[in-house]
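Asks: Listed below, chain by chain, are the residues.
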Amino acid sequence: MATVIIPTPLRKFTNNTARLQVKAGTIHDTVQELTVNFPDGRKRQHPLLRKHLYRQR
Amino acid sequence: MIIIDSRIRQLLVDDALNTFPDECCGFLFGREERDGTRLVIDILVVDNSKAGDKTRRFEISPLDYMTAEQHALDHDWTLLGIYHSHPKHPAIPSEHDRKAAQPYFSYVIVSVMDKDTIDLKSWLLNEQSQFEEEKIIDYQFT
Numbered sequence: 001m002a003t004v005i006i007p008t009p010l011r012k013f014t015n016n017t018a019r020l021q022v023k024a025g026t027i028h029d030t031v032q033e034l035t036v037n038f039p040d041g042r043k044r045q046h047p048l049l050r051k052h053l054y055r056q057r
Numbered sequence: 058m059i060i061i062d063s064r065i066r067q068l069l070v071d072d073a074l075n076t077f078p079d080e081c082c083g084f085l086f087g088r089e090e091r092d093g094t095r096l097v098i099d100i101l102v103v104d105n106s107k108a109g110d111k112t113r114r115f116e117i118s119p120l121d122y123m124t125a126e127q128h129a130l131d132h133d134w135t136l137l138g139i140y141h142s143h144p145k146h147p148a149i150p151s152e153h154d155r156k157a158a159q160p161y162f163s164y165v166i167v168s169v170m171d172k173d174t175i176d177l178k179s180w181l182l183n184e185q186s187q188f189e190e191e192k193i194i195d196y197q198f199t
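Chains A and B are the protein sequences, given in the same order.
Per this note's numbering: the first sequence = residues 1 to 57.
Per this note's numbering: the second sequence = residues 58 to 199.
Pulled out of the complex, with its shape left as it was, chain B reads as follows (with noise of 0.2 Å):
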């Protein structure tokens, strides 16, 4: 399972929706505990580098996914995995999806419908190379 509190939660929403109606995409950082409980602390944002259509599509260039390693190590943060947005799509991922995955990540994939309608899933790939929901944990600040 993994732990998306109400802060990161809304940035993940926030660059969903900024940047609908083309898909959005980032990092997830933070760290996993031994039984596999994963809690995100932070996120790092950047550019989908898809050339052409975006509403669809995803890409994150080798520049960025340096970029990101290089952050958690800095930080001494374990990158926990990829989100992105699924504009007018629900939260399931797509077989190019699976097949752009990779090992261990997670893959939380923000829904929005419309502004009203959203939906956090995340996935992990099994030892198949199939997508299997890991849970989200709500965790909200009082």
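Isolated chain A, as found in the complex (with noise of 0.2 Å):
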């Protein structure tokens, strides 16, 4: 289990949930479960969370 701190303009995509314990073994899987630890309402994963992790192609 690694520890995330989730930056301070990102949290009001978080609950305002400022650490999160993942299991993510990778940088890859860790963004990729942050995205789906804090939906976006009926989506598995928070489209303006991603928009802030990922680069646009």
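Fair warning: there could be bad hints in the mix.
In silico lysine-lysine, DSSO-like type, Cα no more than 27 Å apart, as pairs [what the hints assert, rightly or not]:
#: 1; chain 1: B; residue 1: 145; chain 2: A; residue 2: 12
#: 2; chain 1: A; residue 1: 51; chain 2: B; residue 2: 156
#: 3; chain 1: B; residue 1: 192; chain 2: B; residue 2: 145
#: 4; chain 1: A; residue 1: 12; chain 2: B; residue 2: 192
Simulated from the structure, these hints should not be mistaken for lab results.
Because the structure is a prediction, the values reported are computed rather than measured.
Since each chain comes alone in its own frame, lean on the hints to assemble the complex.
Replies: Here is the structure:
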């Protein structure tokens, strides 16, 4: 388990959660797990959180 | 609006003067009220990690950014934003500042024209990712 500190500007997407324990073993999986932990309503992942975590291509 | 008392203001100005003609930078910690009013309680000075010319640019290392987030959690403060200086330039954010800015953070700019001509302004990104000036309230301890 690793503890992730959510950057302050992103906490509006994480219900003000500052720290989160994740099971992921890689950076990629950690970021993926974050978007699943804080989904947006009916969607499985949070699109706004994704937007700020991933570089657009 | 953001409340910057005389002690905090002096810390920001001292860093800007000590670092002149390079840009200084650091973090602002404090509290945010329900109405959005921000009160700066303390600052953390960090190195300008920009490689090369530091007179027109600043950069904060990822490690310093992590330290600042941890510092805020340790003190039960909110990481309110980032300050930097504009040596010989007004306290107006550049396009480079805007592109590097994050939502939510207050960006305080300390303009140092010379040691007697100093100006502070604070800026926040709006929903369209454009900077809007955030009113600074000076508070003098008596």
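Asks: It remains to establish, for every hint, whether it holds in the given structure.
Replies: Each hint tested on the structure:
1. Proposed proximity of residue 145 (chain B) and residue 12 (chain A) is contradicted: the alpha carbons are some 36 Å apart, above 27 Å.
2. For a cut-off of 27 Å, the pair hint linking residue 51 (chain A) to residue 156 (chain B) stands: about 15 Å separates their Cα positions.
3. Between residue 192 (chain B) and residue 145 (chain B) the CA atoms are separated by roughly 22 Å; this keeps the pair inside 27 Å, and the hint holds.
4. Between residue 12 (chain A) and residue 192 (chain B) the alpha-carbon distance is near 23 Å, which keeps this suggested pair within the 27 Å criterion.
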